[in-house]
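Number of protein chains: 2
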Amino acid sequence: MKKRKIRKKSTGAFLYFGPPTDEAEIRYHTGFMAPDALFFLRLGRIHHLVVSVLEEGRARRTARHAEIWNFERLGLPEKGARPADVALALLKKVKVRRVFVTNEFPMVLADALRAAGLRVEAETGTREGARAVKTAWEIRQIANAQRATAKAMRRARAILREADIRRAGALFWQGRPLTSERLRAEIEIELLRQEYLSEGTIVACGAEGADPHSRGHGPLRAGKLIILDIFPRHRVTGYWGDMTRTVVKGQATPEQVRRYRAVCRAQTAALRAIRPGVSGATVHGQVAAVIERAGYPRRRVRNREEGFIHGTGHGVGLQIHEAPRISTRDNPLRAGHVVTVEPGVYAHPIGGVRMEDLVVVTRKGCRILARAPKALVIP
Amino acid sequence: MKKRKIRKKSTGAFLYFGPPTDEAEIRYHTGFMAPDALFFLRLGRIHHLVVSVLEEGRARRTARHAEIWNFERLGLPEKGARPADVALALLKKVKVRRVFVTNEFPMVLADALRAAGLRVEAETGTREGARAVKTAWEIRQIANAQRATAKAMRRARAILREADIRRAGALFWQGRPLTSERLRAEIEIELLRQEYLSEGTIVACGAEGADPHSRGHGPLRAGKLIILDIFPRHRVTGYWGDMTRTVVKGQATPEQVRRYRAVCRAQTAALRAIRPGVSGATVHGQVAAVIERAGYPRRRVRNREEGFIHGTGHGVGLQIHEAPRISTRDNPLRAGHVVTVEPGVYAHPIGGVRMEDLVVVTRKGCRILARAPKALVIP
Numbered sequence: 001m002k003k004r005k006i007r008k009k010s011t012g013a014f015l016y017f018g019p020p021t022d023e024a025e026i027r028y029h030t031g032f033m034a035p036d037a038l039f040f041l042r043l044g045r046i047h048h049l050v051v052s053v054l055e056e057g058r059a060r061r062t063a064r065h066a067e068i069w070n071f072e073r074l075g076l077p078e079k080g081a082r083p084a085d086v087a088l089a090l091l092k093k094v095k096v097r098r099v100f101v102t103n104e105f106p107m108v109l110a111d112a113l114r115a116a117g118l119r120v121e122a123e124t125g126t127r128e129g130a131r132a133v134k135t136a137w138e139i140r141q142i143a144n145a146q147r148a149t150a151k152a153m154r155r156a157r158a159i160l161r162e163a164d165i166r167r168a169g170a171l172f173w174q175g176r177p178l179t180s181e182r183l184r185a186e187i188e189i190e191l192l193r194q195e196y197l198s199e200g201t202i203v204a205c206g207a208e209g210a211d212p213h214s215r216g217h218g219p220l221r222a223g224k225l226i227i228l229d230i231f232p233r234h235r236v237t238g239y240w241g242d243m244t245r246t247v248v249k250g251q252a253t254p255e256q257v258r259r260y261r262a263v264c265r266a267q268t269a270a271l272r273a274i275r276p277g278v279s280g281a282t283v284h285g286q287v288a289a290v291i292e293r294a295g296y297p298r299r300r301v302r303n304r305e306e307g308f309i310h311g312t313g314h315g316v317g318l319q320i321h322e323a324p325r326i327s328t329r330d331n332p333l334r335a336g337h338v339v340t341v342e343p344g345v346y347a348h349p350i351g352g353v354r355m356e357d358l359v360v361v362t363r364k365g366c367r368i369l370a371r372a373p374k375a376l377v378i379p
Numbered sequence: 380m381k382k383r384k385i386r387k388k389s390t391g392a393f394l395y396f397g398p399p400t401d402e403a404e405i406r407y408h409t410g411f412m413a414p415d416a417l418f419f420l421r422l423g424r425i426h427h428l429v430v431s432v433l434e435e436g437r438a439r440r441t442a443r444h445a446e447i448w449n450f451e452r453l454g455l456p457e458k459g460a461r462p463a464d465v466a467l468a469l470l471k472k473v474k475v476r477r478v479f480v481t482n483e484f485p486m487v488l489a490d491a492l493r494a495a496g497l498r499v500e501a502e503t504g505t506r507e508g509a510r511a512v513k514t515a516w517e518i519r520q521i522a523n524a525q526r527a528t529a530k531a532m533r534r535a536r537a538i539l540r541e542a543d544i545r546r547a548g549a550l551f552w553q554g555r556p557l558t559s560e561r562l563r564a565e566i567e568i569e570l571l572r573q574e575y576l577s578e579g580t581i582v583a584c585g586a587e588g589a590d591p592h593s594r595g596h597g598p599l600r601a602g603k604l605i606i607l608d609i610f611p612r613h614r615v616t617g618y619w620g621d622m623t624r625t626v627v628k629g630q631a632t633p634e635q636v637r638r639y640r641a642v643c644r645a646q647t648a649a650l651r652a653i654r655p656g657v658s659g660a661t662v663h664g665q666v667a668a669v670i671e672r673a674g675y676p677r678r679r680v681r682n683r684e685e686g687f688i689h690g691t692g693h694g695v696g697l698q699i700h701e702a703p704r705i706s707t708r709d710n711p712l713r714a715g716h717v718v719t720v721e722p723g724v725y726a727h728p729i730g731g732v733r734m735e736d737l738v739v740v741t742r743k744g745c746r747i748l749a750r751a752p753k754a755l756v757i758p
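Protein sequence lines, in the order shown, are assigned to chains A and B.
Take the first sequence: its position 289, counting from 1, is numbered 289 in our numbering, and each next residue is one higher.
Each number in our numbering comes from the position in the second sequence (counting from 1) with 379 added on.
These are computed hints drawn from the structure, not numbers from a lab.
Ideal placement from N, C-alpha and C gives every residue a C-beta, glycine not left out.
Hints are not guaranteed to be accurate.
Said to hold, decoys possible - Across the chosen pairs, the derived CB separations fall in these ranges:
id, chain 1, residue 1, chain 2, residue 2, range
1, B, A509, A, G80, 52 to 62 Å
2, A, R60, B, R708, 26 to 36 Å
3, B, G579, A, G80, 48 to 58 Å
To be verified - Interface residues of chain A toward chain B, partial, derived using beta-carbon atoms under 10 Å:
id, residue
4, E72
5, L74
6, R97
7, R98
8, V120
9, A122
10, E186
11, E188
12, E199
13, E255
As the list claims (entries may be wrong) - Covered by chain B, per the in silico footprint, the following chain A stretches (three or more residues, Cβ under 8 Å):
id, region
14, 150 to 164
15, 211 to 219
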């Protein structure tokens with residue numbers, strides 16, 4: 001984390017207050033992990049950090065380009081100062097009367113600063129955009145995360161391979177029923193051993209997979225589509241990986257195979273289309289067309305959406321979803337963007353098929369950051 | 380989660396927007412886990428939830444007392460609507476012109492609503508307070524979480540017991556050096572197997588323990604204070620546990636024992652003082668006095684704070700830190716509050732001693748929710 005240089009010169013005063021998005025911003029600029037809410041004022045290349053007495057030692061050791069402020073130095077009592085008091089004291093010390101804030105900056109704080117005569121304005125879109133183009137160092141961190149993700153994916157496949165098929169297609173592993181919960185725990189244990197944290201791992205079998213946000217629960221069954229979506233974060237660097245595979249234990253039906261092939265073709269189309277200068281909307285349109293031509297138009301059936309019902313991809317870095325998006329919005333891709341490519345097709349009750357890899361946009365196209373087996377069927 | 384009844388009648392319209400704090404609020408009222416930002420409008424007993432098409436099915440199945448809105452029903456295009464458009468459309472549909480928001484509500488949204496003529500005001504302190512008194516159902520969830528935490532703590536002790544002491548006090552376990560990272564991973568694996576997620580587990584050895592927020596890294600050593608602070612969250616219910624023990628592998632020095640005993644006495648004093656009606660500040664004052672009398676006054680030494688440098692406790696529920704606080708602030712305790720009791724004493728370079736249990740305030744005093752061994756020395 002120490003090797004990364006600050007590349008961009010920025011003007012204006014940017015004021016951040018605490019997690020979650022602002023925490024990624026603070027970490028990006030200083031390398032300092034700030035789990036508790038605090039103030040961070042970016043003035044050109046200098047980062048003014050206000051930290052509690054508990055965080056002070058750690059901040060001094062780990063934050064780059066940072067001037068560390070405590071309550072004493074700000075002339076505030078150790079107890080009883082409200083967040084607005086802290087922000088006002090800091091802004092007074094550094095003689096700033098106008099600040100830009102993120103979309104997450106709280107109204108109550110803005111109201112208090114404005115009441116004290118300061119100008120508080122929303123920063124318009126440039127901030128996340130600045131983080132979207134990754135440095136070589138950042139790409140290595142994300143590639144490491146994706147390799148850990150691929151290893152966890154192989155572990156999931158190995159467990160499914162070892163599992164027995166019993167009555168009514170129920171899967172058993174190590175003598176007990178194999179559930180979404182058990183497989184998820186084993187995936188996340190594999191990641192923990194590599195220093196990656198993972199919270200939302202999806203192991204969604206059959207109809208559950210028709211809802212792309214359902215994490216999955218209960219027994220896993222042979223002959224059903226199982227979506228495995230793994231997105232861990234390194235517990236020190238904070239960078240994420242993100243990968244999805246869809247598998248069937250035992251034998252797949254022709255319709256499952258047809259859907260799987262449509263999604264593979266759609267992903268290949270996306271990987272071919274991605275290059276600097278092309279709009280995310282163009283890529284997304286091509287992906288959607290492949291899936292529609294394969295016979296899976298997006299439509300509403302009995303109050304449920306089916307077909308390709310989400311975007312093609314999103315940026316990944318210190319946040320799991322960040323700029324740029326590959327969706328219906330016009331969003332030009334640039335070299336150094338790191339994005340997921342994750343077409344899918346969904347229907348009730350057959351479930352979902354999704355295939356997701358993480359790529360970095362290169363000068364001529366894109367490069368997959370880590371590979372893992374793609375076969376649909378696990379014998 | 381289905382058994383909990385809504386107890387309190389509230390007036391006014393409360394508008395929430397997305398995680399993290401608001402997510403706890405949404406879950407508290409509806410039981411619905413909302414990882415992505417969305418709107419939640421509480422109007423008396425009815426909860427209006429605006430969800431994306433991806434969340435709609437899950438919201439209909441799992442949210443209580445909720446009216447689910449999608450973009451179509453709000454008359455919005457499926458793509459391109461900004462958050463402010465969504466909020467305005469919802470408030471128009473339900474004919475609300477004045478809303479209360481949390482401390483986390485974003486300024487950019489408030490500005491947009493105000494520009495459209497709505498009144499947006501900060502709710503003043505009552506919200507977190509309402510969640511502070513737990514129902515019997517909630518207390519059971521937190522007690523379950525604390526039992527899982529105690530089990531993980533016993534696992535950590537067992538690993539330290541199994542570890543060998545080698546040259547210069549280095550600990551080895553299963554043939555490899557035992558580090559903070561390895562012990563943390565084993566603790567969190569134990570929790571994962573019980574369906575609990577844990578991110579910030581502290582395993583801080585020696586001088587690292589002098590900073591209460593340092594998670595700890597590198598080799599663990601015999602004869603040093605090791606702080607083990609475990610706080611996992613159930614991945615389905617969302618309730619937290621929180622427990623800390625301090626141990627020494629091998630032999631403890633008389634000064635380590637003296638600090639440990641001071642902290643134990645301070646915790647006992649707190650457990651005796653906690654009952655409905657007493658102020659958190661009174662409890663905290665008694666705890667601080669015990670530690671000071673034992674010879675560990677709070678003071679600044681070479682730019683570091685030492686002594687008892689944090690509050691005595693905090694509420695635990697759907698957030699790891701919530702109301703009430705047991706600190707210098709006047710905060711009367713009530714039956715049904717669930718709070719940590721966690722005195723500590725810190726100094727450089729000896730490290731920290733902290734002892735933390737979770738209690739529910741009862742009619743006559745308080746009850747510890749789950750127990751775990753407290754012995755300082757692990758042979």
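Hint check:
1. Distance hint check for A509(B) and G80(A): the Cβ-Cβ separation is about 24 Å, which falls outside the suggested range of 52 to 62 Å.
2. Distance hint for R60(A) and R708(B): a CB-CB separation of about 28 Å, consistent with the stated range 26 to 36 Å.
3. At about 26 Å, the beta-carbon gap between G579(B) and G80(A) misses the expected band of 48 to 58 Å.
4. Using the Cβ-Cβ criterion of 10 Å, the hint placing E72(A) at the interface with chain B is satisfied: the shortest such distance is roughly 9 Å.
5. The interface hint given for L74(A) is broken, as the beta carbon of that residue sits about 16 Å from the closest beta carbon of chain B, more than 10 Å.
6. Contact between R97(A) and chain B, as hinted, is not supported at the beta carbon level, the nearest pair being about 17 Å apart and thus beyond 10 Å.
7. Of the supplied interface hints, the one on R98(A) is violated, with its beta-carbon coming no nearer than about 14 Å to a beta-carbon of chain B, more than 10 Å.
8. At a threshold of 10 Å, the smallest CB-CB gap from V120(A) to chain B is about 7 Å, leaving the interface hint in force.
9. For A122(A), the shortest C-beta to C-beta distance to chain B is roughly 5 Å, which falls under 10 Å, so the interface hint holds.
10. For E186(A), the interface hint holds, the least distance from its beta-carbon to any beta-carbon of chain B being 9 Å, beneath 10 Å.
11. Because the beta carbon of E188(A) sits about 5 Å from the nearest beta carbon in chain B, less than 10 Å, this interface hint is met.
12. Given the 10 Å rule on beta carbons, the hint for E199(A) holds: about 6 Å separates it from the nearest Cβ of chain B.
13. For the restraint placing E255(A) at the interface with chain B, the shortest Cβ-Cβ distance is roughly 21 Å, beyond the 10 Å limit, so the hint is violated.
14. With a cut-off of 8 Å between beta carbons, the region 150 to 164 of chain A has 0 residues touching chain B; three or more are needed, and the interface restraint is violated.
15. Against chain B, the region 211 to 219 of chain A contributes 4 residues with a C-beta closer than 8 Å to a partner C-beta. That satisfies the three-residue criterion, and the hint holds.
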